[in-house]
Amino acid sequence: MPQKHPTPLIDELEKGAFPSFVKEIKRAAESSNVQDNNYAQDLLGQLELSYKEKKTHWKHGGIVGVRGYGSGVIGRYSDIPDQFPGVAHFHTIRVNQPGGFFYTTEALREICDIWDKYGSGLTNMHGSTGDIILLGTKTDNLEPVFAELSSRGWDLGGSGSAVRTPSCCVGPARCEWACYDTLELTYQITQRFQDELHRPMFPYKFKFKMAGCAVDCIASIARADMSIIGTWKGNIQIDQDEVRNYAKNGMDIQAEIVDMCPTGCMSWDGNELKINDEDCNRCMHCIAKMTKALRQGEEKGATILLGSKAPIVTGALMSWVIVPFIKLEPPYEELFDLVERIWEFWDEHGKNRERVGELIERMGFPVFLKETGIEPHPAMVKEPRRDPFFFWSEEDVEK
Amino acid sequence: MPQKHPTPLIDELEKGAFPSFVKEIKRAAESSNVQDNNYAQDLLGQLELSYKEKKTHWKHGGIVGVRGYGSGVIGRYSDIPDQFPGVAHFHTIRVNQPGGFFYTTEALREICDIWDKYGSGLTNMHGSTGDIILLGTKTDNLEPVFAELSSRGWDLGGSGSAVRTPSCCVGPARCEWACYDTLELTYQITQRFQDELHRPMFPYKFKFKMAGCAVDCIASIARADMSIIGTWKGNIQIDQDEVRNYAKNGMDIQAEIVDMCPTGCMSWDGNELKINDEDCNRCMHCIAKMTKALRQGEEKGATILLGSKAPIVTGALMSWVIVPFIKLEPPYEELFDLVERIWEFWDEHGKNRERVGELIERMGFPVFLKETGIEPHPAMVKEPRRDPFFFWSEEDVEK
Amino acid sequence: MSELPQRQTDIGPPHYSKFLPPVIKENYGKWRYHEILSAGVMVHVAESGAKVWTVRVASPRLVSTDFIRDICEIADKYCDGHLRFTTRHNVEFLVSDESKVDPLVNELKEKGYMIGGIGDRISNVVHTQGWVHCHSAATDASGLVKVMMDELHEYFTEKELPAKVRLAVACCVNMCGAVHCSDIALVGVHKTPPRIEHDKVKNLCEIPSTVASCPTSAISPDPAKKSVKIKIEKCMYCGNCYSVCPAMPISDPKNDGVAIVVGGKVSNLRSNPKFSKLAVPWLPNNPPRWPEVVENVKKILNAYIEGAKKHERLGEWVERIGWEKFFKVTGLPFQLQHIDDFTFARETWRMAATFKW
Amino acid sequence: MSELPQRQTDIGPPHYSKFLPPVIKENYGKWRYHEILSAGVMVHVAESGAKVWTVRVASPRLVSTDFIRDICEIADKYCDGHLRFTTRHNVEFLVSDESKVDPLVNELKEKGYMIGGIGDRISNVVHTQGWVHCHSAATDASGLVKVMMDELHEYFTEKELPAKVRLAVACCVNMCGAVHCSDIALVGVHKTPPRIEHDKVKNLCEIPSTVASCPTSAISPDPAKKSVKIKIEKCMYCGNCYSVCPAMPISDPKNDGVAIVVGGKVSNLRSNPKFSKLAVPWLPNNPPRWPEVVENVKKILNAYIEGAKKHERLGEWVERIGWEKFFKVTGLPFQLQHIDDFTFARETWRMAATFKW
Ligand code: SRM
Ligand code: SRM
Ligand code: SRM
Ligand code: SRM
Ligand code: SF4
Ligand code: SF4
Ligand code: SF4
Ligand code: SF4
Ligand code: SF4
Ligand code: SF4
Ligand code: SF4
Ligand code: SF4
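Protein sequences, first through last, are from chains S, P, E and Z. For the first sequence, my numbering gives the first residue as 1, with consecutive numbering after it. For the second sequence, my numbering gives the first residue as 1, with consecutive numbering after it. For the third sequence, my numbering gives the first residue as 1, with consecutive numbering after it. For the fourth sequence, my numbering gives the first residue as 1, with consecutive numbering after it.
It should be emphasised that the hints constitute simulated quantities derived from the structure, not laboratory data. Just to be clear, a hint being listed does not mean it is correct.
Not the full set, but computed from the structure, chain E residues with beta-carbon under 7 Å of chain S [unchecked claim]:
| # | residue |
| --- | --- |
| 1 | L20 |
| 2 | F67 |
| 3 | V126 |
| 4 | P215 |
| 5 | S251 |
| 6 | P273 |
| 7 | G307 |
| 8 | A345 |
| 9 | W357 |
Everything numeric in this text was worked out from a predicted model, so none of it was measured. Glycine residues also receive a C-beta, built at the ideal position from the N, C-alpha and C atoms.
Make a model of the complete structure from these sequences and hints.
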């Protein structure tokens with residue numbers, strides 16, 4: 001199908017070295033695989049208009065979905081459907097990605113085929129929460145897409161006030177630093193909380209992100225209500241020959257490693273690297289830079305952190321430590337139990353559109369700990385409070 | 001006069017190496033210089049009772065003062081005057097100390113004589129704002145004390161919602177690091193704002209503290225609404241011979257100086273000390289530790305900071321930079337002008353019992369800068385804001 | 001629709017094990033170390049000695065099904081039908097046979113794929129929907145990514161940086177990207193308050209939650225109009241009210257624009273994860289190529305390249321030299337907007353007498 | 001009263017120049033360097049070569065006029081009738097004639113004065129009124145100073161520390177001392193909410209300002225009683241309502257006690273000025289010698305001495321080792337109270353995956 005609307009402005013974005021999303025939209029607009037090219041054609045037109053007028057032409061919200069689910073579809077309508085009927089409806093479908101974003105080409109082609117049949121032929125691989133985003137279809141096609149997908153083993157991801165699609169770093173699949181099985185845990189969490197994922201019933205969204213170590217390749221500390229970050233106990237294992245190899249191959253171990261260790265717990269005499277493990281905070285710097293020479297300590301597990309989110313309303317939060325160390329092995333009951341206690345607290349006290357981190361900030365971290373039965377631990381704070389104002393309980397007071 | 005009340009508990013505080021305040025109260029209770037020993041006698045009795053009962057026996061407040069002044073006296077009454085009539089009234093008088101806390105013995109004796117005649121014979125040398133505190137007299141004696149003091153050149157200090165007695169470090173009087181004349185500025189500020197000091201008319205208290213350099217021996221950054229801290233421009237002057245002398249005399253210049261420089265702008269090769277002055281933040285560490293070898297840069301002046309206070313109500317504040325650099329030479333008109341603009345802002349917007357730092361926090365530092373006509377400068381912040389929410393003015397917006 | 005297969009619910013995603021390449025399945029959890037061979041190729045070595053080569057190529061993320069089919073074809077040829085995506089939306093080809101690596105690379109190059117993003121470089125840009133799909137967008141995300149990366153692509157394909165530089169773009173302050181913790185990030189911002197479409201408020205919005213949505217309490221009920229009113233001087237244009245109440249559109253083509261925030265990170269290496277901080281409060285929305293934005297991003301990146309030590313992330317460099325120096329070396333103007341008057345005000349004001357000239 | 005002299009107003013304090021010793025007047029602003037000769041003696045040398053020796057002695061601050069007369073007598077003998085006090089309430093004798101230094105020191109020692117406080121030592125304790133004069137005191141300040149310094153006096157008179165250690169005591173959270181920025185400080189705290197004397201409220205208190213005084217909004221009007229009421233579970237016992245409304249006494253002998261805060265500083269040397277942080281939330285008020293308090297202070301000081309590098313202030317040491325380590329090396333228990341749930345909560349929670357075991 002030839003281009004319906006002239007697009008002089010966005011055509012500029014076909015130029016330049018980096019792969020072009022405009023070219024991709026044009027491909028979908030022209031592809032013979034895509035059953036209805038009008039989606040992409042009119043998307044081009046409306047986008048060109050947005051570029052010209054410097055404003056969005058999408059209407060606010062609109063609740064659509066598939067039967068029995070409250071989440072997984074983002075309804076979207078053009079505010080000028082007469083001009084661009086192809087995107088009068090342009091809903092996205094969030095498909096729960098497989099752990100670690102691994103695919104067979106067979107599976108991918110299957111999804112493409114379904115999407116070409118019912119949708120725009122455009123996708124995001126992936127959304128920034130982790131879903132496969134199928135970008136743009138009409139209300140009538142939602143059920144068919146879902147039937148096609150789910151019958152082939154795919155399910156929808158989260159949206160709205162629900163558990164959002166959990167995601168993880170590549171972890172043990174292709175990384176030497178994974179301190180627990182991020183893919184398996186992600187799978188198990190997703191399965192365990194299917195109901196909470198598909199049927200929004202929380203005060204607001206709840207995201208899980210699983211990182212195998214403190215490098216945090218899934219940005220969990222910034223973007224997950226619960227961030228599970230692998231770590232270890234025990235001494236860093238040093239292969240001194242390999243250390244010397246790094247030195248030989250030109251690494252300035254003093255400057256690049258020892259001087260950059262945040263705790264100052266390393267020393268290097270030109271021959272031997274020493275680590276005072278008691279002072280190491282497991283930041284991963286030295287290990288990441290000398291992966292052949294250094295290995296994490298042997299007792300593996302994870303730290304659980306809670307609460308991160310974007311800046312709306314009172315500024316961004318990063319997740320903070322609530323459980324310094326937990327062993328993470330199937331069936332993960334200790335973790336699930338903790339999650340449920342946290343949700344109970346949130347359910348009971350959370351206001352509408354209040355993320356769990358905001359709630360804890362409003363109610364007080366100590367109150368949260370008390371009500372969820374988590375013991376206070378110095379790892380939970382960077383420093384103790386500064387002001388002399390704090391609460392006591394009945395049992396702390398002499399009558 | 002022999003001791004009126006047995007004091008077994010506080011007698012314990014006569015023991016031990018450190019000079020004893022109980023001994024001092026007893027001296028006043030027994031001194032023949034003191035006209036009325038009952039003050040100190042009954043203070044001993046009431047204090048013993050407080051030690052026994054673990055509670056204070058002073059009543060809340062009570063407004064007393066000298067004619068024409070609203071400040072300078074803290075009214076205080078015992079809550080058990082029948083038991084301790086000597087301290088039924090026990091008001092303190094705040095006498096404005098001389099700059100740098102220098103005295104002649106003549107002047108001190110004069111004050112002692114007056115106080116022995118009209119008061120308890122007890123003092124604090126000095127109060128933590130800086131005043132000479134004459135500790136305990138009755139209402140009827142306030143006017144006489146004031147007449148005696150003021151006729152001899154002494155005046156009262158501040159209390160209540162007024163300018164509080166300004167104070168300063170020893171500065172140029174006996175310190176090689178004073179970047180401006182702290183004593184003279186303190187004197188001039190005190191004189192300039194006599195009215196504001198004696199007649200409370202602000203929303204709350206306002207304290208000035210003058211420190212000659214960033215060592216801040218008067219704790220100005222923690223305890224003054226306006227903290228004036230000396231600093232310089234230009235390179236640190238190095239006497240390399242003296243540097244080598246320090247090394248010779250056992251100083252580990254690398255560890256004690258270079259490695260402790262917060263900006264990492266120093267280097268030492270065992271013979272020569274180098275400073276990259278562009279990166280120096282004038283913290284004073286190296287200069288303080290090597291006073292013979294290093295001298296501040298030649299262009300002297302001060303940084304003005306605003307807003308510190310104790311933790312009530314929402315946590316303590318330290319003063320923060322509002323003027324990165326100002327030359328401070330008589331007649332200090334630029335400074336006084338700034339102070340008045342700040343007070344105008346405070347007067348206009350401040351709530352009752354709201355310190356200027358709290359007000360600025362409530363209204364916004366940018367609003368404060370705009371209304372007082374101070375240009376924004378990166379020195380005012382440790383880091384820029386994190387959230388993407390900020391205000392624009394009419395003139396910033398395209399219509 | 002008669003031919004539709006039987007729908008299933010609550011089955012969750014396929015188990016990942018179905019999709020792992022054999023070499024990965026066999027060495028799962030038993031990797032020993034890796035080596036970065038070039039900007040776009042690395043090899044991971046397992047305890048067993050087995051190896052897997054990864055070849056990474058850039059993706060615009062917004063891709064057509066035909067794009068996916070193309071990469072599938074390549075994966076079939078070199079990777080036994082396996083591939084993965086990264087957490088930053090690049091495509092990774094996983095090769096277990098060393099002899100296939102160079103041919104794969106060559107074919108990718110021939111077909112015009114951009115290979116790179118591994119190591120101390122700029123990788124793909126985490127970003128959001130923008131004018132392509134979101135009602136809330138103050139700018140376009142994909143466009144900004146494209147124009148930035150067109151300028152910076154050499155840092156993806158070859159040139160090394162002191163450390164990884166993570167870019168992100170969010171089209172509004174909801175920040176669906178990772179803008180709040182990125183080395184350099186763009187965020188679409190408004191500069192004017194929402195307009196109230198009073199006639200629509202009563203149908204579309206719940207008044208109490210609209211009032212509650214405002215972080216600065218600028219909104220109050222307007223009972224006469226059965227609507228709400230805004231105290232304009234309190235509004236900081238966050239748009240949260242619009243998220244809750246569609247009758248309060250905030251988009252304003254003349255004044256919407258792009259802010260640049262810098263110095264964030266999420267990794268724990270060396271220093272703690274950091275929030276991004278405001279570098280440039282507003283640049284004009286100047287599509288299709290936003291030259292002012294690109295220029296300022298380059299200014300910041302160049303200052304970083306010039307000043308940072310090896311392994312030092314952008315935020316670590318700035319913290320070492322000090323923010324006052326950052327404004328000096330980048331030449332960016334320091335404005336009232338840089339000064340926090342909100343949640344972190346106390347923490348960010350300079351409560352010290354020390355700073356650099 | 002007939003003999004009273006004519007009062008004057010608004011004259012301000014005497015000009016300092018009237019009180020400066022001649023050597024200081026002559027070398028005012030022209031000092032070149034100083035040397036610390038012993039724990040209590042230092043010499044300042046002027047550009048001109050002139051010297052002034054300072055001999056510092058401790059004072060309990062709460063002193064009788066006879067104490068002042070005593071030191072005046074000494075100053076007459078050795079210092080031509082001049083002396084000064086320090087900002088921490090010590091007495092300084094200023095000697096311009098070297099030959100008088102030793103005799104002065106000897107006489108001071110003979111008379112039982114405590115000489116010291118100069119250099120990397122513990123100097124005098126900034127403190128407040130306590131039960132001696134304040135209605136608000138949750139503990140006694142002078143008593144706490146005395147019992148602490150009795151234990152620590154060797155650090156005043158001789159023993160050196162890694163750096164200066166500044167102690168402070170405040171008898172209530174108004175913190176008239178410098179507690180909020182001290183190396184180790186004590187503050188009197190309450191543990192139970194104020195009691196409302198309803199019959200007195202209407203005479204003594206203004207209801208709106210009483211309500212407004214509460215940082216946690218625990219107080220609300222009680223119109224029936226023409227008084228106020230307190231939501232007990234919101235009260236954090238700060239006593240600010242009592243400052244504003246005398247009919248709300250908060251003192252509670254059984255539960256009032258002493259908190260220890262540590263790690264603050266005001267100097268800008270090396271690190272920025274720092275707030276003190278909570279080390280021990282509550283110890284019993286156990287006059288006359290508060291053994292629990294003294295013991296805990298020593299525990300903290302000893303851990304610091306053990307662990308700190310030369311020139312490192314207590315807060316700098318703790319920040320180097322980490323607060324989690326601080327609790328470990330001091331053996332102090334970490335409690336719910338240590339966790340901020342107020343102004344600085346966000347800043348102080350550990351938003352990082354790094355900490356020490
Ligand atoms: C599709 C996606 C952007 C993308 O291009 O990838 C997205 C798109 C939207 N986000 Fe998001 N968010 C997406 C990931 C995020 C992330 C990143 C993450 O999950 O890692 C964040 C920041 C982390 C966080 O959760 O705070 C994020 C923070 C928000 C917020 C702010 C939430 C907050 O509490 O601050 C909103 C506003 C809201 O919830 O009303 C929001 C709302 C929205 C809405 C639903 C718009 C709205 O106001 O209703 C957007 C729909 C756009 C559209 O029309 O398609 N989105 N959103 C991402 C989801 C894809 C996926 O499922 O994989
Ligand atoms: C006498 C003195 C303590 C001492 O023993 O040295 C003192 C004593 C009182 N202070 Fe203070 N303050 C004294 C220095 C301070 C300081 C330190 C300073 O000025 O450097 C502070 C901390 C810095 C600050 O200003 O924030 C201080 C912060 C307070 C506060 C809390 C103010 C706040 O905004 O947080 C109050 C409460 C109030 O104002 O109601 C207060 C109130 C009081 C009152 C008036 C009690 C009251 O609630 O009305 C005390 C009278 C005690 C009495 O009966 O004698 N005092 N007060 C100090 C004044 C002596 C002098 O004039 O030289
Ligand atoms: C493939 C991927 C994981 C995944 O599940 O997809 C991944 C893979 C690796 N990361 Fe990562 N990281 C990946 C996203 C991240 C993220 C998340 C993000 O950017 O949103 C981060 C946090 C960034 C931040 O702090 O803002 C991240 C911060 C790191 C770091 C820390 C860099 C630093 O100095 O702070 C390392 C260690 C290093 O580079 O030495 C690292 C190291 C590695 C290693 C070497 C781990 C290993 O042994 O296999 C992998 C190859 C490195 C490379 O690409 O240079 N990876 N890495 C992600 C690739 C994204 C991409 O396409 O570029
Ligand atoms: C006399 C006095 C000023 C005055 O106007 O009275 C004073 C005098 C000197 N101070 Fe100070 N400081 C005085 C209070 C302070 C204060 C304020 C306070 O404690 O409330 C501080 C800030 C403390 C803090 O940060 O919490 C203070 C922090 C310093 C420092 C910085 C120490 C550090 O490493 O942080 C130095 C530099 C040094 O020691 O190398 C210093 C250095 C000096 C020098 C060497 C300055 C000089 O060249 O003359 C003086 C003698 C040092 C000594 O006593 O060891 N002075 N000094 C004060 C004596 C108080 C006392 O009786 O002990
Ligand atoms: S977070 Fe750690 S385990 Fe996961 S991919 Fe990154 S480096 Fe590997
Ligand atoms: S992991 Fe981090 S803290 Fe531990 S030794 Fe390595 S660099 Fe130092
Ligand atoms: S603040 Fe500076 S100038 Fe003043 S006494 Fe201390 S060191 Fe000297
Ligand atoms: S004054 Fe401070 S920052 Fe400057 S060179 Fe000396 S130690 Fe370094
Ligand atoms: S950042 Fe804002 S505009 Fe962009 S996708 Fe998210 S909600 Fe929509
Ligand atoms: S844009 Fe934000 S600040 Fe302005 S009225 Fe709406 S919610 Fe309030
Ligand atoms: S700290 Fe409290 S109790 Fe002590 S003098 Fe100040 S106001 Fe009074
Ligand atoms: S003590 Fe403090 S928190 Fe409690 S009611 Fe009074 S003002 Fe409020």
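Structure-based check of all given hints:
1. Nearest Cβ of chain S to the Cβ of L20 of chain E: about 6 Å, under the 7 Å cut. The hint holds.
2. Taking 7 Å as the C-beta cut-off, the interface hint given for F67 of chain E holds, the closest approach to chain S being about 6 Å.
3. About 6 Å separates the beta-carbon of V126 of chain E from the nearest beta-carbon of chain S, less than 7 Å, and the hint is met.
4. Checking P215 of chain E against chain S by beta carbon gives a least distance of about 4 Å; that is within 7 Å, so the hint holds.
5. The interface hint given for S251 of chain E holds, since its Cβ lies 5 Å from the closest Cβ of chain S, which is under the 7 Å cut-off.
6. For the restraint placing P273 of chain E at the interface with chain S, the shortest Cβ-Cβ distance is roughly 5 Å, inside the 7 Å limit, so the hint holds.
7. Here the hint on G307 of chain E is broken, as its CB sits about 16 Å from the closest CB of chain S, past 7 Å.
8. At about 10 Å, the closest approach between the beta carbon of A345 of chain E and any beta carbon in chain S exceeds 7 Å, and the interface hint on this residue is violated.
9. Interface hint at W357 of chain E: violated, since its Cβ lies 27 Å from the closest Cβ of chain S, which is beyond the 7 Å cut-off.
Going through the hint list in order, the structure does not satisfy hints 7, 8 and 9.
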